[in-house]
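Peer 1: So the chains spell out like this:
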Amino acid sequence: SQQGEEDPQALSIQEGENATMNCSYKTSINNLQWYRQNSGRGLVHLILIRSNEREKHSGRLRVTLDTSKKSSSLLITASRAADTASYFCATVIQGAQKLVFGQGTRLTINP
Amino acid sequence: NAGVTQTPKFRVLKTGQSMTLLCAQDMNHEYMYWYRQDPGMGLRLIHYSVGEGTTAKGEVPDGYNVSRLKKQNFLLGLESAAPSQTSVYFCASSYRQEGNQPQHFGDGTRLSIL
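Chains W and P supply the protein sequences, listed in that same order.
Heads up, the first sequence is in our numbering, so the first residue is 132 and it goes up one at a time.
Heads up, the second sequence is in our numbering, so the first residue is 2 and it goes up one at a time.
Any given hint might turn out to be false.
To be verified - Short derived list, chain P residues pointing at chain W, Cβ under 10 Å:
1) Gln7
2) Gly17
3) Met20
4) Cys92
5) Tyr96
6) Asn101
7) His105
Read the hints as simulated data drawn from the structure, not as lab findings.
Predicted, not measured: the structure shown is a model, and the values here were computed from it.
Cβ coordinates follow ideal geometry from the N, Cα and C atoms, glycine included.
Please model the entire structure based on the sequences and the hints provided.
Peer 2: Structure follows, in structure tokens:
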């Protein structure tokens, strides 16, 4: 079962532009995490936001969480070619204590 | 500090063959996980372990077995491989399962079943 759904499935932008990806989920969560996956590699943890937090920053990354809408967004500012990757949201469902991943957004940064 | 290491990186099997995928972590993590990643499906949890000598089923456990004899190793076994098990398999580890810690992933094992 897929708890999280990312939108869009694919995104292509020019280097230097901002990239926004969205994640929606179905049930109440403890926290939400974002991961990056470069082609042919494993997932790398980017940021974790707890259910009582609304916004979090890490370098060029900004994550927001709206628990009333059951949605989160990941903003990458001033994108670089190295940001080309797939981005996944993962939720920890209350009471389940396991990460459930969405299907991912494929981000392509064009030079 | 290697993190999470998976072996082998690639493997081709014939239907009915068996094999074991090995995951090793050097971060002294208590929790370890096996996922499979299929196109359009994201990552799905196969089995996980909350400590040495313990294992538990995830979302898609059928056709797989696991063992955690040592804290640093988590083995995934396919007793009789089927074409439906063609996938990329990822191992991950974390300090806790509660989700308040990030999971650290290996680079995957690409498995094809003919």
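Peer 1: Would you check whether Gln7 (chain P) satisfies its interface hint, that is, whether its CB is within less than 10 Å of any CB in chain W?
Peer 2: holds (8 Å)
Peer 1: Can the hint on Met20 (chain P) be confirmed by a CB-to-CB distance to chain W that is less than 10 Å?
Peer 2: violated (20 Å)
Peer 1: Regarding the hint that Asn101 (chain P) lies at the interface with chain W, is the smallest CB-CB distance below 10 Å?
Peer 2: At about 7 Å, which falls below the 10 Å cut-off, the nearest Cβ of chain W leaves the hint on Asn101 (chain P) intact, so it holds.
Peer 1: Take the shortest C-beta to C-beta distance between Cys92 (chain P) and chain W; is it under 10 Å?
Peer 2: holds (8 Å)
Peer 1: Does the nearest C-beta of chain W fall within a distance shorter than 10 Å of the C-beta of Tyr96 (chain P)?
Peer 2: violated (12 Å)
Peer 1: Against chain W, with CB atoms and a cut of 10 Å, does the hint on Gly17 (chain P) hold up?
Peer 2: violated (28 Å)
Peer 1: Should the hint that His105 (chain P) touches chain W count as held when the rule is a Cβ pair under 10 Å?
Peer 2: At 7 Å from the nearest chain W Cβ, His105 (chain P) passes the 10 Å test, so the hint holds.
Comparing the model with each earlier hint shows violations of hints 2, 3 and 5; every other hint is respected.
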